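> The primary structure of each chain is shown beneath.
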Amino acid sequence: MDEDFSHSLQKVAELGGHEEEVWHIAWNPAKSLLASCSSDKSVRLFTYNHDGEGTLKFSLATSIPTGHLKTVRSVAWSPSGSTLATASFDSNIGIWEQEQPDEDGHSGEWECASLLEGHETECKSVAYSSTGTLLASCSRDKTVWVWEVQPDSDFECMGVLMEHTQDVKCVAWHPTEEILASGSYDDTIKIYVDDPQDDWFCCTTLTGHESTVWALGWSPNGKYLASSSDDKTVRIWKRVGEYEFKCVLVLEGHDRSVYSVSWGVGNIGQEADPLNLGRIASAGGDGIIRVWDLHENPSSDKPTAKLVARLPSAHGTYDINTVVWCPRKGYQDLLATSGDDGMVKIWKIQAS
Amino acid sequence: MLSEIFNPNPTVFLSPASSSRQRQLSAAKKSLWMMTDDSSDGSEEMDAEEGEEEEIDQDEIFDLIRNICDPEHPTTTLEELHVVSASQIFIGGSNNKPNTVKVEFTPTVPHCGASTYIGLSIRVRLIRSLPTRFKLDIAVKPGSHQSEHAVNKQLNDKERVAAALENPALVKMIETCLTGRE
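Chains as they are written, first to last, in this note's numbering: chain A, 2 to 353; chain B, 23 to 204.
Isolated chain A (complex conformation):
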C-alpha cells in the first residue's frame, strides 16, 4: 500500500475558525493573502510571510461577515489583487474592496462595493478573466453570466448564456485569452467566446464525463483544460483547433467524486523545459490529495502523467472541497486545501 512517490506534501499550516464547511479558497495573485469562504456565511482572509528564521507563517488578517443570507460558495480575486468577488447560495455576487488604511496605519475594513443580482437560484462559482476586465458567474438556474467590470465598481451584464441543461457548477477563464469554460450537472463542459459583431456564445461542448463536472483548471500555457467530475475521474482536454478540444487523457484513482482540480506550474527548476505542462492537484470525497506531473509528448497527442504525490486523510475523514496551487512566484510549491471539517490547510510539495 505504501508506494514510494517522488514527492511528498508537508503540512505548513492548519487554519481554523470557520464554523462550518469551507467550500472554496483563493490565493490573492498580487499580495500575501488567502481568502476562504464557508457555509457560515463569512469570508476569512489569511496573511502569510516568512518569520525571522525563514519559516513561512500564516495568520488570520480579518473575518468578513459578508451579509450574504446563505452559504458563501466561491471567492475570486481580481488580477490586481485589490478586489474580491463572493458567490453565494443567496443567488447574489458580492464585490469587496478594502478601505484605505487610517492615520494610525491600521488596515482598512473590507466593504461591499457592489452587489450583483440577477441569478434566480444559488450562485456556485465566480471568476475574473486574466486582464480583470470581465467577471463570469454561474448558478443552479443553468445560466452563465458574463459581466464587464467598469470604473467605480460598476458592472454591466454582457451576456446571459443559457446553454447548459442543468445547474452550472463552475466557471474558469483561459489564462491569457478571453475564452470562458463552464462545467455542469449536465455532465458537459462548454466553451464560450465573444463575437465582436454579436454577443457571447457557446462555441463548443465537451462531452465524455459520465456525471457532473465539478471543477475546471486551465494549464498554465493555455493549451489544455483539466476537468474533475462526480464520475471520479480527472479528464485532460487538448485544444486542437481554435475552438476545438479533444479528450486526451483520463486520470483515475479517486474513489469518490472529485470536487476540485488545480493546474499549477509545477517543478520550478524545469520551467524552461518546453515539454513541461506543469502539475495537477485533485481532491474530493475520498479525502485524498493526488498530484500528477504532466509532460507534453512529442510523438503523440496524449501527454504523459506521473503521480508524484498522494496524501490520504488530508482533512481526516472529511471531504475536501477545494485544492488550489499558489500562483505567486516564489510560492508556487504551496498548495491550499479546504474541507468539510471547517479547516483550511496549507501544504508544501517537496521532493522525497
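Just so you know, not all the hints are guaranteed correct.
[Unchecked claim] Below, simulated EDC-like cross-link-like pairs (lysine to aspartate or glutamate); rule was C-alpha separation at most 20 Å, straight line: (1) LYS175(B) x ASP142(A); (2) LYS143(A) x GLU211(A); (3) LYS180(B) x ASP142(A); (4) LYS143(A) x ASP179(B); (5) LYS180(B) x GLU21(A); (6) LYS71(A) x GLU188(B).
Please keep in mind that the hints were generated in silico from the structure rather than gathered at the bench.
Given the structure is predicted, the values throughout are model-derived calculations rather than measurements.
Dock chain B against the given chain A, drawing on the hints supplied.
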C-alpha cells in the same frame, strides 16, 4: 406541505415486534450535526476507549431511519410502508469500501414525487447520527422509480443537498418527517 399527494392510499404494513428495541442505541448519543473545533465528539471518545472504530451494522442504521415518516402520510413510518428495510442497507456501499454506507429505499409508487423528501430525510437523520467517517450513498431501489437516475443524482449531490437544507420551508418539512413517530 406537498401541493399534490401522489399516493393517497398507501399499503401500510404493521411493524413487527423488533428485537432491536431492546438494544440501547448508541447512535442516539452521537449527535454530530455540526463538527466542533476540538475533535472531541462522542464517537471519537468511544473510539479511544475501545481502541478501534466502532463497527456499525444494518440493524443499527435501520433503527435510525425506520421511524421517519412519509411526508405524504405524517403518521405512517417508512418501515410500515416498506419504504426502508434492514436488507436494503449495504455496509461497505456498492463496492465493499470501508466507512461507506448505501441505503436503498423503495418509493410507494413509481412516479412518487415525495422520493426526494424521503431521501433527504434519510440523509439528514444519518448525517446527524452516524460518525463523520461514514460516506453515505442514498438511492431508490433499482427499478422502483421512473426517474431513478435523476432522483439518485440529486440525492447524492452534496451542493444541491446543502442548498436545499438552507431552504426554510424544505427544512421544516424534513423536520416533520424526522420527528414523526418515535
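> All hints, please: hold or fail.
Hints, verified against the model:
With a C-alpha separation of about 17 Å, the suggested pairing of LYS175(B) with ASP142(A) holds against the 20 Å cut-off. Distance hint between LYS143(A) and GLU211(A) is fulfilled; the C-alpha atoms sit about 18 Å from each other, no more than 20 Å. For the hint pairing LYS180(B) with ASP142(A), the CA-to-CA distance comes to about 17 Å; that is within 20 Å, so the pair holds. Between LYS143(A) and ASP179(B), the direct Cα distance comes to roughly 16 Å. Compliance with the 20 Å bound is thereby established for this hinted pair.
Annotation: proposed proximity of LYS180(B) to GLU21(A) holds, straight-line Cα distance about 14 Å (limit 20 Å). For the given pair, LYS71(A) sits about 7 Å from GLU188(B) by alpha-carbon distance, which is consistent with the 20 Å threshold.
In summary, this structure violates none of the numbered hints.
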